[in-house]
Amino acid sequence: MPNDLPIRKIIHVDMDAFYASVEQMDFPELKGKPLAVGGSETRGVVSAASYEARKFGVKSAMSGVLAKKLCPELLFVRTRFDRYKEISAKIRKIFNEYTDLVEPLSLDEAYLDVTENKKGNPSASLIAEEIRSRIYKEVGLTASAGISINKFIAKVASDYNKPNGQKTVNPEDVLDFLEALDIRKFYGIGKVTAEKMYQKGIYTGLDLKSKSLEYLQQHFGKSGSYYYHVVRGIHNSEVKPNRIRKSLAAERTFNENLSSEIFMMERLEHIAEEVSRRLKKSKVAGKTVTLKIKYSDFTLQTRSKTLPYFVNDAAIILETAKELLYQEKMTNSVRLLGISLSNLNTEKKTKTKVEKPIDVQLEFKF
Amino acid sequence: MKFIVSSTYLLKQLQVLGGVINSSNTLPILDNFLFDIQQNKLVVSASDLETTMSATLDIESDNEGSVAIPAKLLLDTLKTFPEQPLTFVVEENNTVEISSNHGKYALAYADGNEFPKSVSLEDPSATKMAGHILATAINKTIFAAGNDDLRPVMSGVFFQFSTEGLTFVATDAHKLVKYTREDVTASQTAEFIMPKKPLNLLKGILAASEEDVTIEYNDSNAKFTFENTVLICRLIDGKYPNYEAVIPKENPNKLNIQRTQFLSSVRRVSIFSNKTTHQIRLKIAGAELNISAEDIDYSNKAEERLTCDYQGDDMQIGFNSRFLVEMLNNLTSDDVQLEMSMPNRAGILTPVDGLDAGEQVTMLVMPVMLNS
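Chains Z and Y, in that order, are what the protein sequence lines are.
Just so you know, full-length UniProt numbering puts 250 at position 250 of the first sequence, and the rest follows in order with no gaps.
Just so you know, full-length UniProt numbering puts 291 at position 291 of the second sequence, and the rest follows in order with no gaps.
Honestly, the hints are just simulated from the structure, not real lab data.
With a Cα cut of at most 25 Å, we get these calculated PhoX-like pairs of lysine-lysine:
| id | chain 1 | residue 1 | chain 2 | residue 2 |
| --- | --- | --- | --- | --- |
| 1 | Y | K197 | Y | K128 |
| 2 | Y | K275 | Z | K287 |
| 3 | Y | K41 | Y | K72 |
| 4 | Y | K196 | Z | K365 |
| 5 | Z | K365 | Y | K249 |
| 6 | Y | K239 | Y | K196 |
| 7 | Y | K117 | Y | K12 |
| 8 | Z | K365 | Y | K239 |
| 9 | Z | K222 | Z | K209 |
| 10 | Z | K90 | Z | K240 |
| 11 | Z | K305 | Z | K246 |
| 12 | Z | K185 | Z | K200 |
| 13 | Y | K41 | Y | K79 |
| 14 | Z | K365 | Y | K254 |
| 15 | Z | K305 | Z | K281 |
From the derived model, a few chain Y residues whose C-beta atoms are all more than 10 Å from chain Z:
| id | residue |
| --- | --- |
| 16 | N25 |
| 17 | E97 |
| 18 | I98 |
| 19 | S120 |
| 20 | D123 |
| 21 | S125 |
| 22 | I133 |
| 23 | Q160 |
| 24 | T163 |
| 25 | K196 |
| 26 | K197 |
| 27 | E304 |
| 28 | N329 |
Glycine included, each C-beta is placed from N, C-alpha and C at the ideal position.
Sequences and hints are given; from them, build the entire structure.
Next up, the structure:
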C-alpha cells in the first residue's frame, strides 16, 4: 500500500433520498409518487427528490420550475427539518453503538471509523450490512454504504450500488478501483473542474494518475496536490467526531426577480438578521462576509470581504453586505440573495492549538 | 517691581525646569513658571503636582514678590536671544514687560499665590552622594522598570539604603536590574520607591556632575538638593516585591562571552524572530553558542554560531531578544557572564570587568518557554 499508516476501515453511510423518503414514510399516500421536498412549481429550489422523481431527471438544488417541466406529475411538499433531525438523531444513535468515531456530514450522511469498533467485528462490510438493516428495521428507511480504507473512497463507493446497496473496496483493489473511476465521480471534483480536466485529456483516474504533482498544482492550484494523492489511495483525513463548522449562511429566493438595489436592501436586512441569529445561536463569529447573488438567468456570483475582526452582529454584517452589493453593477435581475460568514473563530482556535506552538514569556513569581 | 537677569543664564535654568511641566494640564496654573523674586535672588519653580523643581538664580532686583509666567511663551522668546541682560518689569495691569536690546515684550502673568505650594518634608532622613553616582544608578536601572498601571510599584525604581551600602532595583516582572554601591552608605536603613519622571530629570541634570547630591526622604516624599536646584517629589505608595527571592541561587551553567560580539549577534538574529514575541533561542554545547530565531508566519530564519567560554551542561533556552539587547546595551564591560540553571528559570547577566570599586550590577531576565 502507498500508505505507511495502518490500514483503516471507514464506512460512509448515505441515506437514500432522505427527506423524500421520510415524507413518503410519514404520509403513505405519497409512496410511489414523484415527490419534491422544498420549492414549489413556480419558485424556489428542490431540496430533495424521491427516486420516482429522479427518473425524470429531477435533482436536488434544481429550481422548482425546471423540475415541474421535467416531471409534470411532480408533487411538492414543504420541508420539515425538525422531523428530519429527529430521525437523523435515531440513526446516529445506531452508529454510536458501533463506534464513537462518527463524523456527520449532514443529516443524512456520515463517516464511521470502525477500525476498532465496540462490537469487536473485524469485517467492516458486515458491520455496514448490520447498520443498514438496523436502520431499516428501527427507522424504516433504506441506506447505502461504501466501505474502504479512507473517507474519499468510502464516499465514492457508497454511490456505487445506490439505493439500498453497499460496495466494499478492499485495500488490494483500491488502486484499480480509482484508476477505472470516471473523473466526475471523484469527490471534490465538480462540474467545472471536471470540464477543465476533460480539456486536458483527463477522463479517468488512470489519466489523472499519469500527471505529475507539479502539473496538477500548476493547473489546479492547492487542490492539485489533493487530486495527486487521492488517486494514489492516499487520503489521511481522519474521521472527526466533532466536525468544526467552517461557515454559516442564510439565503432567500424571491417571489419576483428584483432589479433594483433598493428593494434588495430590505431583503438583505432580513438575511443579515437571520445569519446573525444563527451565528449567535451557535456562539460563533466570522471574519469573512460573502454575498451570494443568483441572477434570473441562474448565473451565480459571489463577492466577499474579510474584516479585521470577528463579527456576528447583524448591523455590521448588513453594512459589509451592502458594500459588496454596491461594489459592482448588477448584470441582470436577481432571484436569490445570500450572506455567508466564514473564517469562523471556531476554526482558528483549534488551528492555533494544533499547528502553532505558543511560546510563553515567563514572569518572576513575586 | 523689576529685576535684571542674563538671558542665556535664565534660559539654561528654565529649560531644565521645563521638563517637569506636563504637555497638558488639568490645572492651567501649572503651565507657568513661578518666579519668586527676593533680594537679588530669583527662585524659579515648575510643578506637575507630583514633582516640583526649583532653581535659585542671582539677579539684580529692587523689590520682592511672586508671579506665574506662561512657560512656553517665555521659553520660546528666550531661545531667540543672543546673550544679553534682560529687564523684567512686573506691571500693575497683570503683565510682565521684558526689555531686550531689540525691543519690548509683554506677557500676561497670574498671581504667584495661585501656584501650588511645594510640600515641606517633615523629619526627613538624609544621605549624600556624588551626583554622577546617582545618575549612573538611575541609568543602570530605569530601563527595566515597568509601565503597568495595575502594578504601580513596579513602575518606579526601588531605593534601598543601609549602613552597608545603597541598592537600586527596577523590574517589570520579565527583567530585573539590581545596582549596588558599597562605597556609599546611609546613616540608617530606609526604603522607598521613586517614580520614573523625576528620575529621568535627575539623570539628565546629574550626568556629568561632580557635585554632591543630598537626598532627604520620609514615608511620602523625597527631596534632592544639588548646586542651586531642589527637586521634591511624591513617592510611589506600596510594597516593593521581594526581588531577592526570585534571584536563583544555584546556577551551575556559566557562559562567558565578549559583550559587543554577543550583542551584535543577538541584534542580527532577532531581525528574523517573530514580530510579537521577539523570541530567540540560545543553544550552548561545549565551547559553542548557537543563536537562532524563526518567524514561522513569514518563513524567516537565522542562525549564528559563536565561540564562548562555557562551563555546565548542554542547554537550550529561549529569551525575548529585546530584553537581551536592552541589557547588553546598558552594560559597558568588555565581557559579560550569563548564568543559568534551568530553561524555565531566570538567567543572570553580570559584567565581568570595568566596574568601580564597590559597584555591583546584576541583571535578571526570565526566559520564554520553548515549545519544541
